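**Q** Here the sequence shown is numbered in my numbering, starting from -5 and rising by one per residue.
Source of the hints: derived by calculation from the structure; they are not laboratory data. Hints may contain errors.
[Stated by the list, open to error] Restricting the straight-line Cα-Cα distance to at most 35 angstroms, the calculated cross-link-like pairs of lysine-lysine (DSBU-like) are:
| # | residue 1 | residue 2 |
| --- | --- | --- |
| 1 | K2 | K37 |
| 2 | K125 | K77 |
| 3 | K37 | K135 |
[Claimed, not checked] Computed Cβ-Cβ distance ranges for the label pairs, DEER-style:
| # | residue 1 | residue 2 | range |
| --- | --- | --- | --- |
| 4 | R104 | S159 | 26 to 32 angstroms |
| 5 | K77 | S16 | 22 to 28 angstroms |
| 6 | N105 | Q33 | 17 to 23 angstroms |
| 7 | D58 | E242 | 46 to 52 angstroms |
| 8 | E139 | H176 | 34 to 40 angstroms |
Model, not experiment: these values are computed from the prediction. All C-beta atoms in this analysis are idealised placements derived from N, C-alpha and C, irrespective of residue type, glycine included.
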Amino acid sequence: MVHTEENKLAVALIQADIEIGSPETNKARLEVLMEKAMQGNPKPDLLVLPEMWNTGYALEQIQDIADPEGEDAREWLSSFAQKHQVMIVGGSVAVKKGNQIFNTMYAFDRNGRQVGEYSKLHLFRLMDEEKHLTAGDELVKLDLEGLKAGASICYDIRFPELSRSLALDGAKMLIVPAEWPHPRLHHWRTLLMARAIENQMYVVACNRVGSSRGTDFFGHSLIIDPWGEIIAEGSEAEEIVTGLILPELVDEVRGRIPVFADRRPELYNNK
-5 MVHTEENKLA VALIQADIEI GSPETNKARL EVLMEKAMQG NPKPDLLVLP
45 EMWNTGYALE QIQDIADPEG EDAREWLSSF AQKHQVMIVG GSVAVKKGNQ
95 IFNTMYAFDR NGRQVGEYSK LHLFRLMDEE KHLTAGDELV KLDLEGLKAG
145 ASICYDIRFP ELSRSLALDG AKMLIVPAEW PHPRLHHWRT LLMARAIENQ
195 MYVVACNRVG SSRGTDFFGH SLIIDPWGEI IAEGSEAEEI VTGLILPELV
245 DEVRGRIPVF ADRRPELYNN K
């Protein structure tokens, strides 16, 4: 198959440091990096941010600093998307709804219109998420100009049922904002490549860098193709990680190795 430049989607991952408990500082830092990303050649079609970029894991004060209904984050992301005519998957933010706090992703089209919302399904006990946050209860696909992308946040990638369910429902890409720390770099890379290979889909994963209260975050944001090959990988420093995606490659790969046609769900569903 001939792949043309016109069919490619340029993606930029904003691999940023996050200052715990400082939403305005973090928003300002991200905006500088996002503006820089928009100067790239090619200009990005899609920006992806890291997990919990507004507050970091300031869970003991999260009730006071979470974004009520996500209004501040949504207004800012929508405005940036419209200004630069770029799609944005806004990582995730701590969002307050009533007395509950959710770890929520918002996505926007080039006109600044919100096209998706997803709250993290699996809460990470090693960082006490379940003590402070409420888990989401809905699988979500984002429509990125016709490309269906499954939503997943950090710990979610340890649950292959989630990405498989999204793939079976038409997702051709999995987007994963994260705050994934040392010493589990091997798990991060291996799980993301596995999700790409087993579902024959792109995986776009944006991890944070820096340190927070004794925990070091290693970056290594990744763009992985449906063969499981790494298109781009970040370092452990703050940077913009870029790559090109060819949506039709998903169908090509799925046609060569018919994993979905060869499934036997009657033997292993509902286990």
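**Q** If a hint holds in the structure, say so; if it does not, say that too.
**A** Now for the hints, and whether the structure bears them out:
no.	hint	verdict
1	K2 <-> K37	holds, 12 angstroms
2	K125 <-> K77	violated, 38 angstroms
3	K37 <-> K135	holds, 24 angstroms
4	R104 <-> S159: 26 to 32 angstroms	holds, 28 angstroms
5	K77 <-> S16: 22 to 28 angstroms	holds, 24 angstroms
6	N105 <-> Q33: 17 to 23 angstroms	holds, 21 angstroms
7	D58 <-> E242: 46 to 52 angstroms	holds, 47 angstroms
8	E139 <-> H176: 34 to 40 angstroms	holds, 36 angstroms
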